[in-house]
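S.K.: So in my numbering, spot 44 of the sequence shown is number 141, and the numbers just go up one at a time.
By construction, these hints were calculated from the structure, which means they are not laboratory data. A few of these clues could be false.
Claimed, not checked - Calculated cross-link-like contacts (lysine to aspartate or glutamate; reagent style EDC-like; alpha-carbon spacing at most 20 Å): (1) K124 x E106; (2) K118 x E154; (3) K124 x D160; (4) K124 x D152.
Keep in mind that this is a model prediction, so the values were computed, not measured.
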Amino acid sequence: PGGFGTLDEVFEILTLSQTGKLERPIKVLLYGRDYWTQVVSFETLVRFGTIAPKDLELFCVVDSLEEALVALEAVFATAPSVTDLSFAKSVCVKQRR
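Could you put together the complete structure from these sequences and hints?
M.R.: Spelled out as structure tokens, the structure:
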């Protein structure tokens, strides 16, 4: 969660990903479902035609490190050039302690 600066950064990276201006596809993880669903209604943007339904695949909203890891594993399963999740898993283990 954050203010205008956070929103600016989130929309900047989503725009770069949406327009194909990044070296490779990414998935943005937004932490805090309660916060993000109240601050931004992405489904409303689809309804008004300002983003495409497929743009909802550019990000994932999670509430825990475990959910984040599952989302990352799904991304890496479709990106064979990236196979090492040991760092992300180690962060999850450290946070559980």
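S.K.: For each hint, tell me whether it holds in the structure or not.
M.R.: Against the structure, the hints:
Distance hint between K124 and E106 is fulfilled; the C-alpha atoms sit about 14 Å from each other, no more than 20 Å. The suggested pairing of K118 with E154 holds, with an alpha-carbon distance near 16 Å, which does not exceed 20 Å. Simply put, K124 and D160 have alpha-carbon atoms about 16 Å apart, close enough for the 20 Å limit, and the pair holds. For the hint linking K124 to D152, the alpha-carbon distance of about 11 Å falls within 20 Å, and the restraint holds.
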